[in-house]
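Build out the structure end to end from the sequences listed, making use of the hints.
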Amino acid sequence: MEANRIILIVDDDKSILRTFTRILQKHGYEIDTAETGKEAIEKADKKNYDLALVDIRLPDMDGTELLAKMKKQLQNTIKIMITGFPSIESGVKALDEGADAYLVKPVKPEELLMLIKEKLKNKN
Amino acid sequence: MPETFEGRYRSLLENMMSGYAYHEVVFDEKGKPVDYIFLEVNKAFERLTGLKRANVIGKKVTEVLPGIEKDAADWIGVYGMVAITGNPIRFENYSEKLKKWYNVYAYSPKKGYFATTFEDISVRKELETCLFTSETKYRRLYETNRDGIVQTDRTGCIVECNKAYSDMLGYSKEELLDLTYQQLTPEKWRQMENEIVNQSWEKADYSPVYEKEFVRKDGTVFSASVRVLVVSDENGKPLEMWSIVRDITRRKQAEEAVTTEKNVLKGIMENTGANLAYLDPEFNFVSVNSAYAKGSGRSAEKLTGKNHFELFPNEENHAVFEQVRDTGKTVTFYDKTFYFPDQPGRGATYWDWTLAPVKDEKGNVQGLVLSLIETTRRKELEQELLEILEESQHRESEISSLLKASKAVLYNQEFQPIAQVIFDTCKELIGATAGYVALLSENEEENNVLFLDAGTLPCTVDPKLPMPVRGLRGETYKTGKVAYHNDFKHSKWTKLMPKGHVKLRNVLFAPLSIDNKTVGIIGLANKPGRFTKRDANMALAFGEIASIALMNSRILEALEENEKRLEEYAEHLEDLVEEEANKLKDAERLAAIGETAGMVGHDIRNPLQTITSSVYLAKEEVKLLSDHAKREELTESLDTIEEQVVYINKIVSDLQDFVKPLNPKIEEVDLRNLVKDAFLSIAIPENVKVLILIEEDLPQLVVDRYLIKRVLINLITNAVQAMPGGGTLTVNATYESGMALISIEDTGLGIPEENRNKIFKPLFTTKSKGQGFGLSVCKRLVEAHDAGSITFKSKVGKGTKFTIKVPTKARRPDGWKQTE
Chain H
2 MEANRIILIV DDDKSILRTF TRILQKHGYE IDTAETGKEA IEKADKKNYD LALVDIRLPD
62 MDGTELLAKM KKQLQNTIKI MITGFPSIES GVKALDEGAD AYLVKPVKPE ELLMLIKEKL
122 KNKN
Chain Z
170 MPETFEGRYR SLLENMMSGY AYHEVVFDEK GKPVDYIFLE VNKAFERLTG LKRANVIGKK
230 VTEVLPGIEK DAADWIGVYG MVAITGNPIR FENYSEKLKK WYNVYAYSPK KGYFATTFED
290 ISVRKELETC LFTSETKYRR LYETNRDGIV QTDRTGCIVE CNKAYSDMLG YSKEELLDLT
350 YQQLTPEKWR QMENEIVNQS WEKADYSPVY EKEFVRKDGT VFSASVRVLV VSDENGKPLE
410 MWSIVRDITR RKQAEEAVTT EKNVLKGIME NTGANLAYLD PEFNFVSVNS AYAKGSGRSA
470 EKLTGKNHFE LFPNEENHAV FEQVRDTGKT VTFYDKTFYF PDQPGRGATY WDWTLAPVKD
530 EKGNVQGLVL SLIETTRRKE LEQELLEILE ESQHRESEIS SLLKASKAVL YNQEFQPIAQ
590 VIFDTCKELI GATAGYVALL SENEEENNVL FLDAGTLPCT VDPKLPMPVR GLRGETYKTG
650 KVAYHNDFKH SKWTKLMPKG HVKLRNVLFA PLSIDNKTVG IIGLANKPGR FTKRDANMAL
710 AFGEIASIAL MNSRILEALE ENEKRLEEYA EHLEDLVEEE ANKLKDAERL AAIGETAGMV
770 GHDIRNPLQT ITSSVYLAKE EVKLLSDHAK REELTESLDT IEEQVVYINK IVSDLQDFVK
830 PLNPKIEEVD LRNLVKDAFL SIAIPENVKV LILIEEDLPQ LVVDRYLIKR VLINLITNAV
890 QAMPGGGTLT VNATYESGMA LISIEDTGLG IPEENRNKIF KPLFTTKSKG QGFGLSVCKR
950 LVEAHDAGSI TFKSKVGKGT KFTIKVPTKA RRPDGWKQTE
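Keeping their order, the protein sequence lines are chains H and Z.
All the letters of the first sequence, read from the start, carry residue numbers 2 to 125 under my numbering.
All the letters of the second sequence, read from the start, carry residue numbers 170 to 989 under my numbering.
For the record, the hints were derived by calculation from the structure and aren't laboratory data.
The reader is advised that the hints may include incorrect statements.
Said to hold, decoys possible - Straight-line alpha carbon distances no greater than 25 Å define the calculated DSS-like cross-link-like pairs of lysine-lysine that follow:
| hint | chain 1 | residue 1 | chain 2 | residue 2 |
| --- | --- | --- | --- | --- |
| 1 | H | K109 | Z | K661 |
| 2 | H | K27 | H | K73 |
| 3 | Z | K386 | Z | K431 |
| 4 | H | K44 | H | K118 |
| 5 | Z | K834 | H | K94 |
| 6 | Z | K199 | Z | K228 |
| 7 | H | K27 | H | K44 |
| 8 | H | K118 | Z | K792 |
| 9 | H | K118 | Z | K435 |
| 10 | Z | K435 | Z | K548 |
| 11 | Z | K199 | Z | K221 |
| 12 | H | K120 | H | K94 |
| 13 | H | K27 | Z | K799 |
| 14 | Z | K431 | H | K27 |
| 15 | Z | K332 | Z | K199 |
| 16 | Z | K927 | Z | K978 |
| 17 | Z | K647 | H | K15 |
| 18 | Z | K212 | Z | K199 |
| 19 | H | K109 | Z | K792 |
| 20 | Z | K647 | Z | K658 |
| 21 | Z | K974 | H | K27 |
| 22 | Z | K819 | H | K15 |
| 23 | Z | K342 | Z | K381 |
| 24 | H | K109 | Z | K431 |
Claimed, not checked - Here are some chain H residues the structure puts well away from chain Z; computed CB gaps all over 10 Å:
| hint | residue |
| --- | --- |
| 25 | D14 |
| 26 | N49 |
| 27 | D61 |
| 28 | A69 |
| 29 | E98 |
| 30 | K122 |
For every residue, glycine included, the Cβ atom is placed at its ideal position computed from N, Cα and C.
Below, the structure is given as structure tokens:
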């Protein structure tokens, strides 16, 4: 189990935030959540995250837009984009903004855990 | 006188030719001679007087010739005077006693005696009497003669002339005697006259009659004919010259008049349009005008004197000539035909002619005047005119026939009745008595008779018998030209005719053509006489009109066909519009779908994510349960939830696929591999048997591997789901015209009739799960390929077979749709 790894989950869906938080905490990750892009930027200003799980559709901005805005803050952060409406355009855009992965909802928790573990391992 | 002398003298007296007598005059007492006595006479005396010497010597004359004293010649008195006076006398006297004329010379050798010598001049006297008589007569003639008579000397001085001569010249006789004839002659005639006169003088003979002119006293000139007469003496020496002068002014005038008249006549004869000939009663040419000569083809000289009927034998005309001559009545003909027997090349000539008799005062026919006007040219012109007229009438009937045929084309639409009119008109115009109209069969081997007119002749051929394209009609089909034969029964084609066929004397075939191809014929037959080139041309024209009719009717048929199709299409259009409207509705729906698809992605997938995560957490919790039964039960429930999440997610995916633009990536794909891949993604229940039948040599597909794989997965999934109770799933692939036909067949439920036209519509779902977007997406994916299509066949209770058609490598490269 990896200690002290901090993950920021950005999603406007509280249920998703809650369930992901529970699952990831169970696997020893420290979790911060943000429901809007603005909140995410504020949080990232105060803290360095090892990994960010960002929904592409946020109430105040696009997830990829958020990536662009937080480029500095998330410079050393693994960025995983997640969407309910995948498209090639959004996928390409996400990768252009420095995303490390692009996942489509509903993501199987096992797969998500495996991806996070792998990405963090590679990071170090 | 001496003896000898007397003897000689006597002998002379005795032998001289003249009579000689010596007399002694007897005087009365008063000394008047009253008688004389013959003393001597010679032989000539006896011969000349008829008195014998013996009877007269010594006798008194009154005894010898009693009554002489009363003779008018008073012989006794005359001789008495000679005897008394001694003066000789010569006289001629007639002796009434002796009935003779005597030329007497009386002389007196001794007073009272006289001798006479005398000749019998009775013959001369007789002549002289006659001469006197004629001279009187001539003198009278001379004086009263209308001819001038003039005597001139050798130099031309007028010696004597008659009254006529002086009248003619206007001079008195006295004046004339001072003139010469030369002075009365104009200079121009003198030389000629001089020669004539000299000749006559030298020959002492008559001159020929010659013509000259004289100048009258008043200076006027007149014409005269002159004959010179030279009188010569016994020795032929010319003595004097007489001229007989006739004033020929009147004759000249008459001659001129005649000449003028002749010239006028000649002018008339020559310039009249007629050919004129004057013939004697034996029909010999006396004279002809040049027109006649020309018309007969001979010179006038060659005609003159020849017999008309020797030159132009013609019994009929000969009879006419005789009739005119014998009856004296004029005969006239118009446009009478005549063939020149010696000029056969001229053919028939036509003549207006009049034959008129010329009669003398007594009404006897002296000759015949033949007046001819050749009317051949007029006749020819008339003939030409007639021909032109006939021609134009024929033309007119041709044109009106063609018009009639054309009208038929204009006022009808169906071919058959038009063809009938055209045929009837053509037949009538050309004069054929039988025929038909036929069209080429579709296989171009038969001549299908549309209708037949056998005419009045029997035809027992079965009309259903085929009429192959051959023979003379075959020629027309082959060449597209009119063909005709005027001796058909002897032609090589006769043997092709079936038994019972109408007897054909002559035949003609005209083509009906469309686009230069003969597609039918008008056949004509049995024209009395012959088919002509002109008939052929007319038949061709009728054929052309019929062709137009045929073309029209075919175009009309095509139009009707198109109209029908159009109607059908119009009807279909409603469906089409409905379909399009539906499509539009679908599109609207799709737009709505598209608009909501994004939202759906989040709004459904977010809960799905929560469910998935929750199920995960729940399962983690369940693993910790010690109650095995409970654990199993909960796990099963969680699995079911997971399954349903997958299904819901599929619907969302389909929906999103459906609105997503397609960009197929075309590449060569092996169907077997593709099918294999597809089956890997699908769990096939054990009760479903799978058959894969792919043609050995099926070419590589030219498709987007992932799109077609999704289609296959979709169809296979459907098929499996259609067979809940199991069955056979067959994947079959064949090649056809560059395309692969891939079918997925099940032996399942089948699609109910009412759903069949909806199954490709998006969001259509049956109550049983597994449809949804599936088929509409399949359709969309297949149709994203060049010429791609999807179809199906279904029977309720038996199963359904979907077939997709996609391009292969063998399809023509230009048909490829190269897209990014």
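The hints, checked one at a time:
Only pairs whose Cα atoms come within 25 Å are accepted, and K109/H paired with K661/Z is rejected, the gap being roughly 99 Å. Between K27/H and K73/H the alpha-carbon distance is near 30 Å, which puts this suggested pair outside the 25 Å criterion. Of the pairs offered as hints, the one joining K386/Z and K431/Z is violated, with about 34 Å between alpha carbons and a cut-off of 25 Å exceeded. About 23 Å separates the Cα atoms of K44/H and K118/H, which keeps this hinted pair within 25 Å; it holds.
Taken as a hint, the K834/Z and K94/H pair is honoured in the structure, with Cα atoms around 21 Å apart against an allowance of 25 Å. Between K199/Z and K228/Z, the direct Cα distance comes to roughly 22 Å. Compliance with the 25 Å bound is thereby established for this hinted pair. A C-alpha spacing of about 22 Å is found between K27/H and K44/H, which places the hinted pair at or below 25 Å, so the restraint holds. For the suggested pair K118/H and K792/Z, the alpha carbons sit about 23 Å apart, so the restraint of at most 25 Å is met.
Distance hint between K118/H and K435/Z is unfulfilled; the C-alpha atoms sit about 156 Å from each other, more than 25 Å. Distance restraint check for K435/Z and K548/Z: the Cα-Cα separation of roughly 28 Å exceeds the 25 Å cut-off, and the hinted pair is therefore not satisfied. At most 25 Å may separate the alpha-carbon atoms for a hinted pair to count; K199/Z and K221/Z exceed this at roughly 32 Å. A distance of roughly 20 Å separates the Cα atoms of K120/H and K94/H; the hinted pair therefore holds under the 25 Å criterion.
The straight-line distance between the Cα atoms of K27/H and K799/Z is roughly 23 Å, inside the 25 Å bound, and the hint therefore holds. Between the alpha carbons of K431/Z and K27/H the distance comes to roughly 169 Å, so the proposed pair goes past 25 Å and is violated. Between K332/Z and K199/Z the CA atoms are separated by roughly 55 Å; this puts the pair beyond 25 Å, and the hint is violated. The straight-line distance between the Cα atoms of K927/Z and K978/Z is roughly 33 Å, outside the 25 Å bound, and the hint therefore fails.
Between K647/Z and K15/H the alpha-carbon distance is near 94 Å, which puts this suggested pair outside the 25 Å criterion. Restraint check for K212/Z and K199/Z: the C-alpha separation of about 35 Å exceeds 25 Å, so the hint is violated. Of the pairs offered as hints, the one joining K109/H and K792/Z holds, with about 18 Å between alpha carbons and a cut-off of 25 Å not exceeded. Of the pairs offered as hints, the one joining K647/Z and K658/Z holds, with about 22 Å between alpha carbons and a cut-off of 25 Å not exceeded.
The straight-line distance between the Cα atoms of K974/Z and K27/H is roughly 53 Å, outside the 25 Å bound, and the hint therefore fails. At roughly 24 Å between alpha-carbon atoms, K819/Z and K15/H fall within 25 Å of each other, so this suggested pair holds. This hinted pair checks out: K342/Z and K381/Z have alpha carbons roughly 21 Å apart, not beyond 25 Å. At most 25 Å may separate the alpha-carbon atoms for a hinted pair to count; K109/H and K431/Z exceed this at roughly 155 Å.
Taking the minimum C-beta to C-beta distance to chain Z, about 4 Å, the non-interface status of D14/H is violated against the 10 Å cut. Every beta carbon of chain Z lies more than 10 Å from that of N49/H, the smallest distance being close to 26 Å; the non-interface claim holds. The claim that D61/H is not at the interface with chain Z holds, since no C-beta of that chain comes within 10 Å of its own (minimum 15 Å). Every CB of chain Z is more than 10 Å from the CB of A69/H (nearest about 21 Å), matching its label as outside the interface.
Every beta carbon of chain Z lies more than 10 Å from that of E98/H, the smallest distance being close to 19 Å; the non-interface claim holds. Separation of K122/H from chain Z is adequate, the least Cβ-Cβ distance of about 22 Å exceeding the 10 Å criterion.
Figure legend: structure checked against the earlier numbered hints; hints not met, in rising order: 1, 2, 3, 9, 10, 11, 14, 15, 16, 17, 18, 21, 24, 25.
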